[in-house]
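> The primary structure of each chain is shown beneath.
Number of protein chains: 2
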Amino acid sequence: MNKKRIAIDMDEVMTDAIGRFIELYQQEFNEDLSALRQPGNNLEKVVPPDRLAAVKSWPHRPDFFKDLDAIDGALQAVAQLHQHHEVFITTAAQEFEHSFTPKYNWIKQHLPFITWKNIVFCGDKSIIRADYLIDDLERNLKTFTGTGLLFTAPHNAHVEGYTRLNNWQEVVDYFLK
Amino acid sequence: MNKKRIAIDMDEVMTDAIGRFIELYQQEFNEDLSALRQPGNNLEKVVPPDRLAAVKSWPHRPDFFKDLDAIDGALQAVAQLHQHHEVFITTAAQEFEHSFTPKYNWIKQHLPFITWKNIVFCGDKSIIRADYLIDDLERNLKTFTGTGLLFTAPHNAHVEGYTRLNNWQEVVDYFLK
Chain A
0 MNKKRIAIDM DEVMTDAIGR FIELYQQEFN EDLSALRQPG NNLEKVVPPD RLAAVKSWPH
60 RPDFFKDLDA IDGALQAVAQ LHQHHEVFIT TAAQEFEHSF TPKYNWIKQH LPFITWKNIV
120 FCGDKSIIRA DYLIDDLERN LKTFTGTGLL FTAPHNAHVE GYTRLNNWQE VVDYFLK
Chain B
0 MNKKRIAIDM DEVMTDAIGR FIELYQQEFN EDLSALRQPG NNLEKVVPPD RLAAVKSWPH
60 RPDFFKDLDA IDGALQAVAQ LHQHHEVFIT TAAQEFEHSF TPKYNWIKQH LPFITWKNIV
120 FCGDKSIIRA DYLIDDLERN LKTFTGTGLL FTAPHNAHVE GYTRLNNWQE VVDYFLK
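Going line by line, the protein sequences match chains A and B. Here numbering that gives the first Met the number 0 is used: the first residue of the first sequence is 0, the next is one more, and so on. Here numbering that gives the first Met the number 0 is used: the first residue of the second sequence is 0, the next is one more, and so on.
Derived by calculation from the structure, the hints in this document are not laboratory data. Treat the hints with caution; some may be incorrect.
Where chains are identical, the list cannot tell them apart; a pair therefore holds if satisfied intra-copy or between any two copies.
As the list claims (entries may be wrong) - List of simulated lysine to any residue pairs, SDA-like, C-alpha gap at most 25 Å:
#, residue 1, residue 2
1, Lys65, Trp115
2, Lys141, Thr114
3, Lys116, Tyr161
4, Lys107, Ala52
5, Lys116, Leu51
6, Lys55, Phe28
7, Lys116, Ser56
8, Lys107, Gln37
9, Lys3, Thr151
10, Lys3, Ser125
11, Lys141, Ser125
12, Lys44, Ser56
13, Lys116, Val171
14, Lys116, Asp130
15, Lys141, Glu22
16, Lys116, His154
17, Lys107, Arg60
18, Lys55, Thr114
19, Lys116, Glu11
20, Lys55, Trp115
With the rest of the complex left out, here is chain A (with noise of 0.2 Å):
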């Protein structure tokens, strides 16, 4: 198997921050925001409009990004990938500037074997050179000078044009089938 360079998002697509919102909403306003993960729902659709702000803005804090869940099979499929591959996680932290150690701890411990060396913090991930990147928003696979591959999440179940894989089982299908 040629051995390809795959860069992969986190957010939508290794860890649940869909599920952070919920968890918060249900504490900031004892409401359930569940429909948060409809496909074709987003924060604009489901949050009233007085209270986006305040919710957009809750990724600022600092415990934000802090043990979010993993999204289903994201780990043991990184694992496989990792074994024939060449991984980096690449990751638009800079954005959310108290996320860089949750991100960095959380890499550390789900996903031991991927070294300081092949994690980046990034912003416009046009900077990344590699053959593939994996990620949910349509902005960073449209700069990419590889394969975009979209990762399906509730936000982009319109987003046409790339190469979609669902879920984790079609991303190991998709390297090492």
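Position chain B relative to chain A; hints supplied.
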């Protein structure tokens, strides 16, 4: 002028990490380590073997990268480059897990025109896609696919095979003349 993407390293290029080693050495051992600034020198050459491991561990301290002095002319030069080119700060912060916040704050304070989108904390710099990389470490330039520019630091005095820029005036002349 054709707009180019220029990736710029921090330590020993924009920030005076050697100055911090000298300062800490004075504090810890009450001895002068200014010899570290002489061309051709590095920690291995100027620190006694029995102290070397301790000194090399200092960058892992939470405050090592805090408020480092800027290298002469760096701030003005980067501001000038930014006017004509696309500047990314690309630093191997991942090697030192406490360096994220001090490095981020340094950029915010000294280079306020650099937004979070153009800051990259990485490990292995072969992940960087840019036209130019200004760096003091041969290992970073070696795997870079664009044009590598060696910024002179004491430890790289004997490195050959790269276009060498001895100071920030030479960087400005290289890109803007």
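> Are the hints correct? Go through all of them and say.
The hints, checked one at a time:
1. Proximity of Lys65 and Trp115 under a CA criterion of 25 Å is satisfied in both settings, with 18 Å inside one chain copy and 21 Å between copies.
2. For a Cα distance limit of 25 Å, the shortest separation of Lys141 from Thr114 across copies, 20 Å, qualifies, whereas the shortest one inside one copy, 28 Å, does not.
3. Only between protomers do Lys116 and Tyr161 lie at most 25 Å apart by alpha-carbon distance; the minimum there is 23 Å, versus 28 Å within a single protomer.
4. In this homomeric assembly, Lys107 and Ala52 come within 25 Å of each other (Cα to Cα) only across copies, at 24 Å, whereas the closest approach inside a single copy is 32 Å.
5. Proximity of Lys116 to Leu51 under the C-alpha cut-off of 25 Å is restricted to the inter-copy arrangement: shortest distance 23 Å between copies versus 37 Å within a copy.
6. Only within a single protomer do Lys55 and Phe28 lie at most 25 Å apart by alpha-carbon distance; the minimum there is 14 Å, versus 49 Å between protomers.
7. For a Cα distance limit of 25 Å, the shortest separation of Lys116 from Ser56 across copies, 18 Å, qualifies, whereas the shortest one inside one copy, 30 Å, does not.
8. Neither within a single protomer nor between protomers do Lys107 and Gln37 lie at most 25 Å apart by alpha-carbon distance, with minima of 30 Å and 38 Å respectively.
9. Within a single copy, Lys3 and Thr151 get their C-alpha atoms as close as 22 Å, which meets the 25 Å cut-off; across copies the closest is 34 Å, which misses it.
10. Proximity of Lys3 and Ser125 under a CA criterion of 25 Å is satisfied in both settings, with 18 Å inside one chain copy and 14 Å between copies.
11. Taking the shortest Cα distances, Lys141 and Ser125 sit within 25 Å of each other both inside one copy (8 Å) and across copies (21 Å).
12. Only within a single protomer do Lys44 and Ser56 lie at most 25 Å apart by alpha-carbon distance; the minimum there is 16 Å, versus 49 Å between protomers.
13. In this homomeric assembly, Lys116 and Val171 come within 25 Å of each other (Cα to Cα) only inside a single copy, at 23 Å, whereas the closest approach across copies is 30 Å.
14. Taking identical chains as interchangeable, the C-alpha atoms of Lys116 and Asp130 lie at most 25 Å apart whether they share a chain (17 Å) or sit on different chains (21 Å).
15. In this assembly of identical chains, Lys141 and Glu22 lie within 25 Å of each other by CA distance neither inside one copy nor across copies; the values are 31 Å within and 46 Å between.
16. In this assembly of identical chains, the alpha carbons of Lys116 and His154 lie at most 25 Å apart only when taken from different copies (22 Å versus 31 Å within one copy).
17. Taking the shortest alpha-carbon separations for Lys107 and Arg60, both the intra-copy value of 21 Å and the inter-copy value of 18 Å come in at or below 25 Å.
18. Taking CA atoms no more than 25 Å apart as the test, Lys55 paired with Thr114 passes between copies only; the shortest distance there is 19 Å, against 31 Å inside one copy.
19. In this homomeric assembly, Lys116 and Glu11 come within 25 Å of each other (Cα to Cα) both inside a single copy, at 23 Å, and across copies, at 19 Å.
20. Proximity of Lys55 to Trp115 under the C-alpha cut-off of 25 Å is restricted to the inter-copy arrangement: shortest distance 17 Å between copies versus 29 Å within a copy.
When the structure is compared with the earlier hints, violations turn up for hints 8 and 15 and for no others.
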